[in-house]
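2 protein chains.
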Amino acid sequence: MYKVKVFVTLRESVLDPQGTAVKSSLHRMSYNEVDDVRIGKYLELTIEKTEQDLDARVREMCEKLLVNTVIEDYRYEVEEGVPQ
Amino acid sequence: MYKVKVFVTLRESVLDPQGTAVKSSLHRMSYNEVDDVRIGKYLELTIEKTEQDLDARVREMCEKLLVNTVIEDYRYEVEEGVPQ
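So the sequences go chain by chain: W and R. According to UniProt numbering, the first sequence holds residues 1 to 84 in order. According to UniProt numbering, the second sequence holds residues 1 to 84 in order.
These aren't lab readings, by the way, just hints derived from the structure by calculation. Don't take every hint at face value.
Pairs involving identical chains hold if they fit within one copy or between any two copies, as the list cannot separate such chains.
Claimed, not checked - The list that follows gives simulated cross-link-like pairs (lysine-lysine, DSS-like), each with its CA atoms no further than 25 angstroms apart:
| hint | residue 1 | residue 2 |
| --- | --- | --- |
| 1 | 3 | 41 |
| 2 | 64 | 49 |
| 3 | 64 | 23 |
| 4 | 23 | 49 |
| 5 | 23 | 41 |
| 6 | 23 | 3 |
Extracted from the complex, chain W is given alone in its bound form (with noise of 0.2 angstroms):
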């Protein structure tokens, strides 16, 4: 078994609102150190093993289901052999 790792993120150039109340937030909190916050998705696949290639199987799964790379950026950690 793979555990696979997916953190999706906004686009640099993209607003992203969520993050700017969660900003005001925690300045009305006093926390006035925090300069920006950018809030994305985190998943975790179990993904069993099989004779396909993973990496380009977990591309195809953020790319078409995952993640909207019109708006959204990917990256992704493989970890092996989770205990089943």
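Knowing the structure of chain W, use the given hints to seat chain R on it.
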């Protein structure tokens, strides 16, 4: 400046209906090797250097605002020296 990356995940014991829906979609798209999907949040905070203890401040922000510790776990990583 510091860049703090916060990963928020649902606790193991908490059902993740969004993850279950994504898993079903992946299966319908023939990605049958996907055994489990868990969905969480990923936050990037840009924080100015201050006299205060960064770790203590980040933990406070997480526990007071960013994370619902009843149903969620979190961990974070600090990257130093992000250019202003």
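Mind listing which of the numbered hints don't hold for this structure, in increasing order?
none
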